[in-house]
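Working from the sequences, and respecting the hints, build out all of it.
Protein chains: 4
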Amino acid sequence: MLELNESPREECGVIGIFAPNEDVARMAFFGLYALQHRGQEAAGIAVADGQTLSMYKNVGLVAQVFRPSTLDELKGHYAIGHTRYSTTGSSLIRNAQPFMIETMNGPLALAHNGNLVNSAELRDEMLRQGVGFSSSSDSEVMTMMLARDSGATWEERIKDAMQKWVGAYSLSILTRDCVYAVRDPWGFRPLSVGLLPGGGYAVASETGALRTLGCEAIRDVKPGEIVALSANALTVTQALPPALPAAKCVFEFIYFARPDQTWDGVNVHAVRQRLGEELARESGFGSGKAAEENQSQMRVADVVIPVPDSSTPAAIGFSRVSGVLYNDGFIKNRYVGRTFIEPTDSLRKRGVALKFNVIEENVRGKRVVVIDDSIVRGNTTGPLVKLLKQAGAKEVHMCITCPPIKHPCFMGVDMGKYDDLIAYKRSVTEICRQVGADSLTYLSLAGMMRAVGSDSGYCQACFTGKYPVAVDLMSAKTGFERGAK
Amino acid sequence: MLELNESPREECGVIGIFAPNEDVARMAFFGLYALQHRGQEAAGIAVADGQTLSMYKNVGLVAQVFRPSTLDELKGHYAIGHTRYSTTGSSLIRNAQPFMIETMNGPLALAHNGNLVNSAELRDEMLRQGVGFSSSSDSEVMTMMLARDSGATWEERIKDAMQKWVGAYSLSILTRDCVYAVRDPWGFRPLSVGLLPGGGYAVASETGALRTLGCEAIRDVKPGEIVALSANALTVTQALPPALPAAKCVFEFIYFARPDQTWDGVNVHAVRQRLGEELARESGFGSGKAAEENQSQMRVADVVIPVPDSSTPAAIGFSRVSGVLYNDGFIKNRYVGRTFIEPTDSLRKRGVALKFNVIEENVRGKRVVVIDDSIVRGNTTGPLVKLLKQAGAKEVHMCITCPPIKHPCFMGVDMGKYDDLIAYKRSVTEICRQVGADSLTYLSLAGMMRAVGSDSGYCQACFTGKYPVAVDLMSAKTGFERGAK
Amino acid sequence: MLELNESPREECGVIGIFAPNEDVARMAFFGLYALQHRGQEAAGIAVADGQTLSMYKNVGLVAQVFRPSTLDELKGHYAIGHTRYSTTGSSLIRNAQPFMIETMNGPLALAHNGNLVNSAELRDEMLRQGVGFSSSSDSEVMTMMLARDSGATWEERIKDAMQKWVGAYSLSILTRDCVYAVRDPWGFRPLSVGLLPGGGYAVASETGALRTLGCEAIRDVKPGEIVALSANALTVTQALPPALPAAKCVFEFIYFARPDQTWDGVNVHAVRQRLGEELARESGFGSGKAAEENQSQMRVADVVIPVPDSSTPAAIGFSRVSGVLYNDGFIKNRYVGRTFIEPTDSLRKRGVALKFNVIEENVRGKRVVVIDDSIVRGNTTGPLVKLLKQAGAKEVHMCITCPPIKHPCFMGVDMGKYDDLIAYKRSVTEICRQVGADSLTYLSLAGMMRAVGSDSGYCQACFTGKYPVAVDLMSAKTGFERGAK
Amino acid sequence: MLELNESPREECGVIGIFAPNEDVARMAFFGLYALQHRGQEAAGIAVADGQTLSMYKNVGLVAQVFRPSTLDELKGHYAIGHTRYSTTGSSLIRNAQPFMIETMNGPLALAHNGNLVNSAELRDEMLRQGVGFSSSSDSEVMTMMLARDSGATWEERIKDAMQKWVGAYSLSILTRDCVYAVRDPWGFRPLSVGLLPGGGYAVASETGALRTLGCEAIRDVKPGEIVALSANALTVTQALPPALPAAKCVFEFIYFARPDQTWDGVNVHAVRQRLGEELARESGFGSGKAAEENQSQMRVADVVIPVPDSSTPAAIGFSRVSGVLYNDGFIKNRYVGRTFIEPTDSLRKRGVALKFNVIEENVRGKRVVVIDDSIVRGNTTGPLVKLLKQAGAKEVHMCITCPPIKHPCFMGVDMGKYDDLIAYKRSVTEICRQVGADSLTYLSLAGMMRAVGSDSGYCQACFTGKYPVAVDLMSAKTGFERGAK
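Chains as they are written, first to last, in my numbering: chain A, 1 to 485; chain B, 486 to 970; chain C, 971 to 1455; chain D, 1456 to 1940.
Please note that a few of the clues may not be correct.
[What the hints assert, rightly or not] Which stretches of chain B does chain C cover? Using the computed rule of at least three CB atoms under 8 Å from a CB of chain C, they are: (1) 701-710; (2) 713-719; (3) 749-758; (4) 789-802; (5) 839-848; (6) 877-883.
[Stated by the list, open to error] Straight-line distance between alpha carbons at most 20 Å, and here's what the computed EDC-like set of lysine to aspartate or glutamate pairs gives: (7) B:Lys817 - B:Glu778; (8) B:Lys707 - B:Glu767; (9) B:Lys834 - C:Asp1315; (10) C:Lys1045 - B:Glu558; (11) C:Lys1302 - B:Asp787; (12) B:Lys560 - C:Glu1312; (13) B:Lys560 - C:Glu992; (14) C:Lys1356 - B:Glu701; (15) A:Lys75 - D:Asp1800; (16) A:Lys75 - D:Glu1816; (17) D:Lys1844 - D:Asp1869; (18) A:Lys466 - A:Asp414; (19) C:Lys1359 - B:Glu827; (20) B:Lys879 - B:Asp794; (21) D:Lys1841 - A:Asp472; (22) A:Lys406 - A:Asp472.
Since the hints were made in silico from the structure, they are not lab data.
Using N, Cα and C, we set each Cβ at its ideal position, and we do this for glycine too.
Okay, structure coming up:
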């Protein structure tokens, strides 16, 4: 598989729908479609008709997994869905979601975005109690805990389990006659709910998916809340007190979320533009004319270009503040996705050039500022710089819309382990030299948080190492692998 | 799907292999290939390399499910495999076997042929204990019981569980470093073990599969035994005392097993030939010449033909004893299998004619005896009789190599419920009239058992209603459906 | 691909249907289904609705190639279909049939069973005239000749082309508003026509397929005839005088045709039984008892077994005449078909044992006569003998229902080239030694023809080398390969 | 299939490679990958090894059509490839390219971008000469003409055929030992050639694909040229004198080409930016501040947004000249491609909203200028305007970077027929009212050509109706359909 992208990998997008008199499976399909950017490796939908649950899931893009005939068999009024980035290999399908089981209280299905940090302990405890697990997923752990809880109602059982779950979980849960939307007290991952125009409700990881479905009156599912979507009404329960401060994943703003996502009233596109504005101020770049006028010590650039697609708003913002002309510099092959064809040796040497082409006319002979959202492993940045130099760029200045990523994520983003991170144990100067840029500027933590519009309530652990919950750091050191998983 | 066959459906074939220095997945593949007649809807193989288990299963014929690349990923020295007849619909894959789980004692996989009669009780008990089930299969119930047993070794845990299991189970079980072959104390379903020529051992539902693998020194796994195949040795444990008498499924001889299967020293092909011989004696048919010579009250026939393929040996035996000329009368479309194409209305009226063509030359103007192995639902027999009459047969006499089937099977054969059985509440005369034959002869119970070579040690419940274990008869009455399944 | 079968490969089965007010594509599907034994590698159906033609073809079994949605798109009143054995590799689909083209006289599709012996010359001539060919198939040559013929009607054009075609061709041809069934003047390959019960007509390579469709009043399309199936009527034209004598492929009786095929009034099953009877007489085998009674020099055997499936009727006939007890000795894995899984080394050594299992009980300690239809390359016979010996057979006597095959077929049967044929340059004694049998008996040419019921009118070239038409023998010598194909 | 895009459809991208000692099929794959935007429905590659040609083609995206095993079978030093937008239905595969045939001069394969306007005449002529066609494609017509030409060499034959071909053709042609790149004398479609870094040459529809392969010294294949890529050298022949003026498709700049394409020294991205600049001047929009300062009659807008992706550079250019703030307003679902799932009724009403989401924060309460590249059928523009209004935009002003499209294309772009075009028989005012915008501005023809940088040498027929070659206008009137196609 051609894997030229070093981007961090989001684990999941979830959706949940209650819609009487609608083809809920088909609605879930289009909802997942709008969440496809959160996971391209597997997709699944489970529906309930008041009595029984049925489900279909498989590996592939949403549009590949579902055929009309597949959806036609999923009849009901309630649906949940899931799209996932997952690891390669033959076990793919075993970790696909939703997870669906029969319990003493009837059938149950669960779709999960996030990652429990105490999953191993919870799993080991249940193993000792004689539970068998058919996957290595923390989401199955959650499902099994719900199955054995002694609470009188599903809401109580969810509440009970939430007491024990530590980490990130935005869930949609399906029972015979209800969809539950659940968000952890830290609020790590987004989850929103809205009214469907034809009656009923929907929840989704991002507001963009809700708008695709035509939802109105959209609001966040708040940290610690259980929202129940059923025939009776939309009921909201504060199951656990919200953590203070909250720990919303700031990286959703930097990279994951689609720009039309609005989270807690904050629009992602706007944040990204402000990230570029802050970066312009901090980096001190300006146009030649501005430099002249200001007689300043300003660093001069001829053009600012984004690494498409996520950095485009930031580059626009950068241009506005700095006065440096905005332009496109890279063309991304829109159709690059999964291919099982390996490049020839000669093509392999060209590396990232298979994914990005340079518009030479826009960079030749110029001092170029490149805006990228983040540097994780660092294996894309070097080739991009080289491409620009080959195309005749006079100078290449990398400007990154977040601080150096020095710590792994334990809450559901696959950034690799410590040794995978280029900024772990390397200075900015060293990284700059390694990628071959003329300069490298990271946005400061303060600048990033100004762009986000708040300096608390966010998890910044990948930058600071200050995790909002206790994590097993050893498990992120290379060479250390957990037992049987 | 074109389903013109009214044959009872066998649930499974299982295989297990320990073979150091061999590609066990590939061996399991060819073993399952030879068990394909026991289940054509799903197949799976799990292997262990001493540390981890890996598995692949999917719906389809063995040859469709496995690709070279699939097998290449299944590395190890131990393997189990399963081929299954299963119900239609989207949940197919969920009931495919083996079942594989992680337990407190390490990974475990199980492949099952048979049916527990107390599965619902065992499942309900575990549900109440908070276990979640991802399928409706009794085999998952068995897997989960093994996961939670407190025994010190796998052998102990299997032994413990066997105490609670009531019904039919021939199992191959895979752990990190052992394959266990287990047979219930009644011995309902076959299971045999043999030495592999290159070292190691194999178990399989039928000896034919073992011979395909080149096995020597083949013997039955006896009722109540656990046979462990591992690096050390082949160890045999009598985990439960064998039931007295045993309750081996007599229908394996009548229909299921491939004719090269030898069970407890009794060869299936030979039994079938003797079934035909007994039937010849009981039915009193003879050739015209014999009738003349004997001046007897013999019923006269010109030709005896089998319904291919399972009735061929019986027809040969019938011919030998009766003197009635043996010949082929039906051609079965060898490639009829699964097709999703529905016949046109005009073709649908032709029914069974899509599956069988008559060799008119062999039946025209003749008094024809037709040998069939059994009549279950009875929807094939009528059309066959009609086909022969249309082809010009003067008389059509149906001779069946077993008694009327009046009771459902609870031990793993899908014969339908009471109301599905044509012989339930109908006399032989009524059935004969319904299928339009000139006469209908069932072999007597005594005749059948003479052919088998023993009059005890066999389950004959589908004929007699005397079940060797307590069963829930209510569940086989139409209109009664068990809860959540 | 596991290829353990050394059987000669038939090239094709064809079908043609005119049925107003019927779903002709679906009828063609079930017709092809009944011709599946004539070709398992590719299938196709073309239909016409009076104006336009549409077609679908692909590699695979008929049931794999067609989905309901595929058939639904093939709307019309006229249909032709084709099922084919074809060579491996990426060019598979290019040689699949029907061939469909647009001509100056409207669209045309053609399905062909047989092989032109002057195809290379015709093709070269057209190439020189500037025609481009998209396949290496002689059937495309035929299609292109029809496209450029100057005749005023399709019937005239077909007639013109028939003047130039030398070799075997049983065709179904589709135009906007007619299906033509065409058979070469030698009558090499079978082709029959019948009335559909609901109105309309059908043609097919074998009568069995016509009976599957419910046809009545079935008769052969005679050598040199064009039969037109259209809205008006069934019209029969003797386009070319029939060759005298005819050259019907005798091997259709020996091996290819399904036993329910009736050709020129001769039933295949009956012929095969008589082949066995002749072989019994010629071989001189008898039962021990007969030998004793007759005090003769009779060769004594304990049992006669067929190599399933095609030799079964012959073995029955052999038994009837010789008095040697008939029984089954081999079990053929019914599901052996195409698998892409290669056996392990240890399994590979077992060879044909993956395909056939011996019923040991039926051969152990016995003098066994084995009836096989033919020996072509000879790579199956040896392993079968060995299997029987390993199972304890005391003696193994191979009896073949035709003479030694010493010459390749140029009329559509892939028997390989001269050097591929075991009987080319080898005596019967040598072959017997090579396959390890205790004796080897071939049926004589005269015996074979007695069984067929006529001593003229048949092509026996593969036995005699006397080809009914001039052939390019050089092309069947190993090492000689024709140019660009 | 969900088809929410009203964009004109490009027919093809072509590629050709000669690369000794390279895996040319794999190189062709990556070249096609970079041309994927020119056709997403089918792809094919043919290779030659000096003796024989082999080919694989199928429906689907390039990455779906080719597997490693498929490419492995395509061995050689020469390759051509094709990616195509094609019509739906079962005949898809028949029109896929390359076309490959055997001719009197050896095998030949051809890949074609463009459309012959005299294809019907040429085809009819050949039909009358007795040629059969297996598709309705003009590209097969071209192939067959090459097959029958009497020229002594392939170059002569191509030259001969070019005399008769009228219309658009950029071709890559493969013979046993050469790849020919051919461009029509009008130069309708682009085609470029470059040196491969490891030796050899490549041609492609766009320079971006050549750069992806690492090509250097890239230049256009000039109108009327044949460029031969072979072992000897790169030879260039001016087969026909170039048309004066040339008739390069201006729409390549407006919409089709990827922004990194450079054609005749003109970069597409730069042209698009200038289109936006010209549009800013012509439309008279400015920022509120500019309006104030200038005291002018300037039309005031708060933000300018592109319809992604092709209009982005124009919107940037518009912003630079007008001073109106540039921002993103729409999010395009990147993964929207082919899905066979139909929306529910309620979703269907939402129409284009399934493909585009609005970033409400960026348009609410604002006067919005929307830049779109073109309006063809007009069924997307209305819904986009409505989406913006629903999101709270105060005013929506559509600005289009080309003049009204009033005439169909006959040179390879599927814009539909006259009645499909919204601007055919409708004034700008009427269109504006129909799409519900507050204003609608089309760029003038002169403005467009200024942006392109030349006022001659381009085909502008879709705007002016002045076709560079004689076309059959009748065939583009609704209700008129050509015969058998």
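Now the hints, each set against the structure:
1. Only when three residues or more bring their CB closer than 8 Å to a CB of chain C does the claim for the region 701-710 of chain B stand; here the count is 0, and the claim is violated.
2. Under a criterion of three residues with beta carbons nearer than 8 Å to beta carbons of chain C, the stated coverage of the region 713-719 of chain B fails, only 0 such residues being counted.
3. Only when three residues or more bring their CB closer than 8 Å to a CB of chain C does the claim for the region 749-758 of chain B stand; here the count is 4, and the claim holds.
4. Restraint check on the region 789-802 of chain B versus chain C: 4 residues with Cβ-Cβ distances below 8 Å, three needed, restraint holds.
5. With a cut-off of 8 Å between beta carbons, the region 839-848 of chain B has 7 residues touching chain C; three or more are needed, and the interface restraint holds.
6. Using a Cβ-Cβ cut-off of 8 Å, 0 residues of the region 877-883 of chain B lie near chain C, which falls short of the minimum of three, so the contact claim is violated.
7. About 36 Å separates the Cα atoms of Lys817 (chain B) and Glu778 (chain B), which puts this hinted pair outside 20 Å; it is violated.
8. Straight-line distance between C-alpha atoms of Lys707 (chain B) and Glu767 (chain B) comes to about 34 Å, which puts the hinted pair past the 20 Å bound.
9. For the proposed pair Lys834 (chain B) and Asp1315 (chain C), the alpha carbon gap of about 50 Å is over 20 Å, so the pair is violated.
10. Between the alpha carbons of Lys1045 (chain C) and Glu558 (chain B) the distance comes to roughly 45 Å, so the proposed pair goes past 20 Å and is violated.
11. For the proposed pair Lys1302 (chain C) and Asp787 (chain B), the alpha carbon gap of about 29 Å is over 20 Å, so the pair is violated.
12. With a CA separation close to 16 Å, the supplied pair Lys560 (chain B) and Glu1312 (chain C) stays within the 20 Å bound.
13. Distance restraint check for Lys560 (chain B) and Glu992 (chain C): the Cα-Cα separation of roughly 53 Å exceeds the 20 Å cut-off, and the hinted pair is therefore not satisfied.
14. Among the hinted pairs, Lys1356 (chain C) with Glu701 (chain B) is consistent with the structure: their alpha-carbon atoms are about 16 Å apart, no more than 20 Å.
15. Pair hint Lys75 (chain A) plus Asp1800 (chain D) holds up; C-alpha atoms about 16 Å apart against a cutoff of 20 Å.
16. Distance restraint check for Lys75 (chain A) and Glu1816 (chain D): the Cα-Cα separation of roughly 37 Å exceeds the 20 Å cut-off, and the hinted pair is therefore not satisfied.
17. Pair hint Lys1844 (chain D) plus Asp1869 (chain D) does not hold up; C-alpha atoms about 31 Å apart against a cutoff of 20 Å.
18. Our distance criterion of 20 Å between C-alpha atoms is met by Lys466 (chain A) and Asp414 (chain A), whose separation comes to about 18 Å.
19. The hinted pair formed by Lys1359 (chain C) and Glu827 (chain B) fails the criterion: a straight-line CA distance of about 47 Å is larger than 20 Å.
20. For a cut-off of 20 Å, the pair hint linking Lys879 (chain B) to Asp794 (chain B) is broken: about 24 Å separates their Cα positions.
21. Distance restraint check for Lys1841 (chain D) and Asp472 (chain A): the Cα-Cα separation of roughly 51 Å exceeds the 20 Å cut-off, and the hinted pair is therefore not satisfied.
22. Among the hinted pairs, Lys406 (chain A) with Asp472 (chain A) is consistent with the structure: their alpha-carbon atoms are about 16 Å apart, no more than 20 Å.
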